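Student: These protein sequence lines are chains A and B, in that order.
Plus 8 on top of the position in the first sequence (first one is 1) and you've got the numbering used here.
Plus 4 on top of the position in the second sequence (first one is 1) and you've got the numbering used here.
Think of the hints as simulated: they come from the structure by calculation, not from any bench.
Because the structure is a prediction, the values reported are computed rather than measured.
Heads up, a few of these hints could be off.
Claimed, not checked - No farther apart than 20 Å at their CA atoms in a straight line, the calculated lysine to aspartate or glutamate pairs in the DMTMM-like style are these:
hint : chain 1 : residue 1 : chain 2 : residue 2
1    : A       : K45       : A       : D77
2    : B       : K359      : B       : D267
3    : A       : K224      : B       : E147
4    : B       : K316      : B       : D306
5    : B       : K349      : B       : E322
6    : A       : K224      : A       : E209
7    : A       : K279      : A       : E52
8    : B       : K161      : A       : D208
9    : B       : K132      : A       : E213
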Amino acid sequence: MPGRDHKNANWLLRLAVIVPYLWMATFFLAPFVIVLKISFSHPEIAQPPYGPVLDLTAGIDGLKAFFGDLAAKNYEFLAFDWIYVSSFFKSLQVATYSTAMLLLIGFPLAYGIARAPRRWQGILFMLIILPFWTSFLIRVYAWINILQHDGLLNAILLSLRIIERPLVWLATDTAVYIGIVYSYLPFMVLPVYATLEKMDETLLEAAADLGCPRWKTFWLVTWPLARKGVIAGILLCFIPIVGEFVIPDLLGSSSTQMIGQTIWTEFFSNKDWPVASALAIVLLCLLIVPIVTYQQMQMRAVERGH
Amino acid sequence: MDADLTIGRNHSDGRQRRLAPWADPAARPLVRFEGVSKSFAGVRAIESLSLDIFEGEFFALLGPSGCGKTTLLRLVAGFESPDAGRVMLDGQDLAGVPPHRRPVNMMFQNYALFPHLSVAGNVAFGLKQDRLSKQEIAARLHEILALVRLDGLQGRKPHQLSGGQRQRVALARALVKRPRVLLLDEPLAALDKNLRAETQFELMHLRERLGLTFVIVTHDQSEAMTVADRICVMDQGRVVQVAPPAVVYEQPNSRWVAGFVGDVNLIEGRVVSSDGNRLVIESAGVGRIHLAATVDFARPGDTVWVALRPEKLSLMHERPASGEANCASGRVSDIGYLGDRSVCKLALDSGFEMKIALANNARSIERTVVWNDRVWVTWPQAAGVVLTR
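Only chain A is shown next, with the shape it has when bound in the complex (with noise of 0.2 Å):
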């Protein structure tokens, strides 16, 4: 029967949007909604190490007793301690400043790779993907082999005498911009790359033949065009670079530590669980101005059809 189909089909694509609800709200809602429980509680020597805790059994005045217990002086805590907001501005330092590298060598790299002969393309582009293809951790790992004081780098530089004694290297923030850089690079150059390689070729032979030199052409067609790519490379780097932690805690000195080094010594090392709540939220609202503006861009771009 056709209106039974229907009514089965309907309810199936019921079911396929409510899965990925459900493992949103599971696995992200949920754990947001208990840190952002645990940012306004208090640190106390007890398991779990903060208070107070929600007695459901207690009935209405429990819950009463609960939210009356709850205090936002961790945020002041946070806008006080220059501690805290210096590994803020820290994270952001070398998001900014890293994001701007990785445009400098990527965007080169995608439209490179774009504007090679097609048999070459895939070839270039694995090249790209293949450390994908290793640990993450173990790609950091051999940084410090490369960096260290009789590592790869301060031998080559020996060698060719650019250099008359070894340099140091890692425990630098120098060390933490490679680091970032290398394991960043694939992210900015794949979206670029992607709309570099859908761009008409014509179109530079159309401005070539209306008067404009190939320089001019670049900015006037282009990077008009590839802005889009730029733009979802830009955040696809930026916002996790302002939380990273393996990086900077490998490869990076302990004196000025980025935001997610920071929650870390809270969260283990001070054991202050309620401050380390906190800065996550902190840190979640800072990044959430350049996730939406994101989404919303992608959002537009869907529904213009591109």
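Go by the hints and put chain B onto chain A.
Tutor: Showing chain B alone in chain A's frame:
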């Protein structure tokens, strides 16, 4: 032959007809190809080709795909450079002049409109490169948009336009710089049939109004015949025939041209006698053919081909009274009704097959000829062309 010697086809009889530049030995060509060759990855696209295009001409490059016609256009635009020979504009060699410095503009087959720019942005793109004043740009923009009937659409982006509108934006963008030569690469290929026919006439009128030189590339022979003053028929990187449309159609210089431009019956035969303006040919297909043609190249015994256009033939149910005309008999094997005309296939008694186009000029639903009818086909002595290759 009038069409051979005059330019333009909408002069009224009262107006002075001027000598066509290609018939005038003193005329200087605007675009000249001199022994141009070009290959791509070892494949020859153009082979030592020479060709002159004159100022004010509507010139069509016609040929099957892969014949090198688009390459010829790209050589003028500067997107390709010749391996050998010279491409000249106004008597000057274009070698080494980059595309953005050539006073020619191209309309691309896929239009190549800038998707991020509005109609006005697209059309004014070329003007801005010339550093014209804002007022000048606005005035030229206004003028050209009115000319191609796009006024009011300045702010639209290409993806908000219909196919026909996009085509006009591309045309306006190429025209607005007033190029010495406008190059059109299959400009109407993406339009549907009615719009295409209409746009062909618009292109002609535009050319007449602006007095520019247009070079169009097309694989559509009726398009070339409609718009062009002269057609260059190309095959495999070579020029086969350059002539006004009527000459290409009525006096093709080879079997290939006769077959490519329009429908044709090709009858192979041997010359029996030739006395200057009368030719007798003996063929296996249709027997003896009498032709009124002044040919000095055919000697008795030569193998030649007679090209007969289907619309020059007529059908009769009775054997025609013996006279001047040629005739042959056969059976109708196929009829295709096309509205304005019907195409008949005739199986002659010799086994030879002939195509005949019958104009449906009487408004009648009854068919005058039906399948398997035994009929006679006749054609006047002046109807056929003798070809030797």
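Student: Take the C-alpha atoms of A/K224 and B/E147, compute the straight-line distance between them, and say whether it is at most 20 Å.
Tutor: Status violated; Cα separation ~27 Å.
Student: Against the 20 Å threshold, does the CA-CA distance of A/K224 and A/E209 hold or violate the hint?
Tutor: Distance of about 15 Å is within 20 Å: holds.
Student: Can you confirm whether the C-alpha distance between B/K161 and A/D208 stays at or below 20 Å?
Tutor: holds (16 Å)
Student: For a C-alpha distance cap of 20 Å, please report whether A/K279 and A/E52 respect it.
Tutor: holds (9 Å)
Student: Holds or violated: are the alpha carbons of B/K359 and B/D267 at most 20 Å from each other?
Tutor: Cα-Cα ~8 Å, so holds.
Student: Does the alpha-carbon distance linking B/K316 and B/D306 stay inside the 20 Å limit?
Tutor: violated (25 Å)
Student: Are the Cα atoms of B/K349 and B/E322 separated by 20 Å or less?
Tutor: holds (18 Å)
Student: Given the proposed pairing of B/K132 with A/E213, does the C-alpha separation stay at or below 20 Å?
Tutor: holds (17 Å)
Student: Taking 20 Å as the top limit, are the C-alpha atoms of A/K45 and A/D77 close enough?
Tutor: Holds, at about 11 Å.
Of the numbered hints stated above, those contradicted by the structure are hints 3 and 4, listed in ascending order.
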